[in-house]
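Respectively, the protein sequence lines represent chains G and V.
What the first sequence shows, in my numbering, is residues 1 to 485, in sequence order.
What the second sequence shows, in my numbering, is residues 1 to 485, in sequence order.
Read the hints as simulated data drawn from the structure, not as lab findings.
Where chains are identical, the list cannot tell them apart; a pair therefore holds if satisfied intra-copy or between any two copies.
Below are the EDC-like pairs computed for lysine to aspartate or glutamate, each with C-alpha atoms no more than 16 Å apart in a straight line:
1) K470 / D162
2) K452 / D65
3) K210 / E24
4) K210 / E19
5) K210 / D17
6) K25 / D208
2 protein chains.
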Amino acid sequence: MQSIADVNYAAALLHWDMETYMPEKAAQRKGEQISTLTSLAHKRFSSTKTHDLLKKCRKAKNISDDDMTNIIRTLEDYDKAIKLPAKFVAELSEAGSKAYVSWIEARKQNDFSIFNVPLQKLINLKKKETELTGYKAHPYDALLDTFEPKCTVDFLDKLFLDVRKELVPFVANIRSKPEIDNSFLHKFYPKHKQWEFGMHILKQMGYDFKAGRQDISEHPFTINFGPEDVRVTTRIDENNFANMTWSCIHEGGHALYEQGLPGFEYGLPLGSAASLAIHESQSRLWENMLGRSKDFWVTNYPYLQTIFPENLSDISLDQFYAGINKVQASPIRTESDELHYHFHVMIRYEIEKGIFEESLKLSDLKDYWNANYKDYLGLDIKSDKEGILQDIHWAHGSFGYFPTYSLGSFYAAQFFKKASEVIPTLKNDIKATNYGNLLQWLRSNIHMEGRKYLPNELCRKVTGEDLDFKYFMQYASSKYGDIYK
Amino acid sequence: MQSIADVNYAAALLHWDMETYMPEKAAQRKGEQISTLTSLAHKRFSSTKTHDLLKKCRKAKNISDDDMTNIIRTLEDYDKAIKLPAKFVAELSEAGSKAYVSWIEARKQNDFSIFNVPLQKLINLKKKETELTGYKAHPYDALLDTFEPKCTVDFLDKLFLDVRKELVPFVANIRSKPEIDNSFLHKFYPKHKQWEFGMHILKQMGYDFKAGRQDISEHPFTINFGPEDVRVTTRIDENNFANMTWSCIHEGGHALYEQGLPGFEYGLPLGSAASLAIHESQSRLWENMLGRSKDFWVTNYPYLQTIFPENLSDISLDQFYAGINKVQASPIRTESDELHYHFHVMIRYEIEKGIFEESLKLSDLKDYWNANYKDYLGLDIKSDKEGILQDIHWAHGSFGYFPTYSLGSFYAAQFFKKASEVIPTLKNDIKATNYGNLLQWLRSNIHMEGRKYLPNELCRKVTGEDLDFKYFMQYASSKYGDIYK
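Can you build the whole structure from these sequences, using the hints too?
See below:
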């Protein structure tokens with residue numbers, strides 16, 4: 001398992017290189033090298049030899065509970081891995097490459113119809129995948145499970161029903177309030193000063209620069225090659241201070257999780273993150289529960305003012321706090337405030353569900369999209385690029401991914417509530433930019449557990465309850481009730 | 001072969017990362033990842049399946065001459081690869097790791113005796129390697145061949161006899177001449193300006209920055225992941241302008257070779273460099289025949305003066321030219337001028353030969369070293385660190401490597417002589433910083449041939465003759481006769 005991890009992490013370094021320092025002519029070859037490594041690792045993992053060894057381990061005596069968990073999880077992974085024949089995986093990968101090219105072209109021409117044929121081909125293959133993988137209640141469950149173990153339509157339907165019942169009217173009410181002025185965020189913030197501030201915040205969060213580094217890339221991401229080397233990237237828009245800052249904190253949250261995984265479980269389930277949603281809970285907790293709280297800025301904001309006095313000296317902490325939490329519907333998910341965000345995800349979820357239960361046809365998607373954006377966000381979508389073509393996920397064949405974004409925020413709220421209860425000093429810690437107690441709590445309760453528990457099991461272990469949307473709603477009500485009176 | 005190359009090039013990217021951007025805590029894991037990739041590639045290449053395929057290819061009909069060369073060379077590589085059992089390679093690798101640690105410690109304490117035991121162990125293993133590999137005339141031939149195909153003691157003895165007969169008295173004569181003042185090279189040269197100048201020279205040489213990049217590392221090197229991604233590194237000493245400049249040109253020469261290899265032969269012998277010595281011929285040709293010529297600086301020096309007027313405005317081109325070619329014995333090989341350099345290599349060669357023919361015992365090495373440095377370089381070696389402990393090669397088990405450095409310079413002189421004959425405009429081209437004709441000639445005569453020919457065969461093809469030391473001696477006599485009257 002460790003040597004398979006070595007190969008996969010090597011592929012990850014090639015990915016990192018592609019997004020950061022690679023010279024342009026190297027792109028195609030680097031892609032082929034990654035593909036060779038990935039398929040080598042896959043081939044080795046899904047070999048009958050692996051299976052024989054795992055079965056032997058399964059029967060071994062005098063084995064620790066943790067090692068047995070590693071074996072069981074690995075067997076589960078193995079069973080998943082062999083359900084898709086190599087030929088099918090290659091076909092999927094090729095269809096994905098074609099869809100990607102077509103998606104780029106469709107975006108360029110701002111015309112969803114260009115994307116139709118390769119998207120339909122991909123959807124057909126993903127439908128086949130649901131059959132190969134198998135499912136109990138709903139074909140979409142098979143795809144959800146590849147990103148979030150045991151996540152189902154049944155579970156998500158209930159969750160998004162809560163979103164619809166509670167968050168939709170709450171946000172509609174906010175939209176009726178006077179608009180907040182956050183124009184100060186769009187003044188000129190020089191690149192090198194933003195970079196320095198981002199580095200300052202990462203250090204403050206406890207990100208270990210001896211086990212990681214930050215670089216610039218077009219799209220911010222976190223990537224790791226073992227817990228001793230967890231790298232983040234950011235981007236800087238000199239006319240938008242928010243862009244770098246909260247993406248930096250967000251990626252920092254992901255990175256703290258990876259740096260906190262147990263190194264002695266390298267390559268094994270207990271050395272890996274619990275799930276995408278749990279991963280996202282860590283980034284969202286730091287980005288939103290901390291990074292967009294007033295407490296976080298009690299010490300940080302006066303410091304920020306000294307760096308950008310020309311932009312911020314006449315903006316009070318309260319104005320700053322309101323400005324960075326301005327609620328305003330945007331057609332673009334990645335530019336959304338933290339409340340509307342879940343409407344973007346919900347619409348995507350309903351569409352993907354519709355595709356795989358065959359209640360929605362490809363030819364209906366765009367109208368469905370635009371109608372729902374009107375209903376939930378109050379927006380008229382004027383272009384495909386700002387609408388149904390905005391995200392890359394479908395072009396990668398990643399159906400079932402989006403829900404993890406919302407789940408992450410909801411887990412974050414529930415975890416943060418719990419942390420506030422068990423760390424009585426938390427509020428003052430945050431005001432003093434002292435996150436050590438919080439990080440320690442996250443480390444011992446979440447990070448160090450790796451993939452020992454299923455996401456919802458982990459939630460129960462940490463908070464005593466299943467995931468419950470009410471914690472996010474409490475967080476939102478309290479915070480935005482205050483800001484928007 | 002291409003997917004094996006993918007794995008080896010991925011390992012190379014991990015190496016590059018280690019030397020440039022890797023956070024410090026990642027070192028051990030990265031080393032393990034590299035080792036996993038390297039042994040995967042080795043295992044795959046040396047499998048019986050590879051052999052069966054190669055034998056089938058060997059008998060195939062309607063195959064082009066080039067493809068047949070690929071098959072024959074690969075079969076040769078295969079035969080070499082399987083001579084050393086995996087267990088022996090692992091033992092060698094472990095002994096190398098231990099020797100490296102001991103060498104570091106011995107350098108720290110400036111005491112060669114600390115290095116003795118692990119070095120002896122390594123030597124014993126390398127002796128065993130010569131038996132496993134086999135040889136005709138001399139056991140050291142087996143090791144020389146691993147770095148330079150078909151290179152033998154017989155061949156090198158003759159070569160270094162010429163060096164002894166001609167270069168030794170020539171250099172001794174130079175040492176009796178008045179010392180050249182090159183103190184202007186040791187004034188303060190700010191880092192960023194040196195960096196810019198190095199980048200300027202690399203572009204001027206024709207290095208393709210869309211298929212490569214330069215970074216900073218402790219020791220300069222060139223590394224590639226296919227001809228579309230060939231990277232160089234440099235280091236900058238603000239109090240030594242020579243350090244960055246000629247190492248930059250040197251690595252640039254290596255890089256132009258790699259960028260010039262045929263991409264369609266990726267992973268195959270015809271897509272690889274001919275040998276280490278031929279590689280070194282390219283770096284030395286650019287570094288010395290061009291980079292230390294007066295012609296090279298006719299246009300470049302006035303430009304350099306505009307960048308560093310405070311250091312160079314009162315230094316004439318002739319003074320600069322003499323200064324950068326100052327001949328002065330140094331105990332350190334890597335800081336040597338281009339003439340004394342070959343005495344360093346020759347002494348190493350004689351020692352290694354003595355070790356493997358068992359005419360020199362480990363306990364005699366240091367005295368032998370110091371006596372020879374006195375004889376050939378006129379130096380009293382006052383510390384092991386500046387003497388026998390200076391180079392890492394032995395700690396890596398790389399016996400047989402050093403001669404390729406001298407061979408590279410001698411090939412370079414012979415190639416450059418030929419280029420001067422066939423490109424009548426060459427002298428004026430260089431004066432005008434127009435190296436296109438030269439690069440084109442190197443590309444079509446050397447780079448594009450890959451490993452089609454053995455080094456000396458290539459030399460015959462390019463110059464019509466076997467390697468002959470007289471071309472280096474002609475170059476040295478003409479240049480240094482002029483400088484030192």
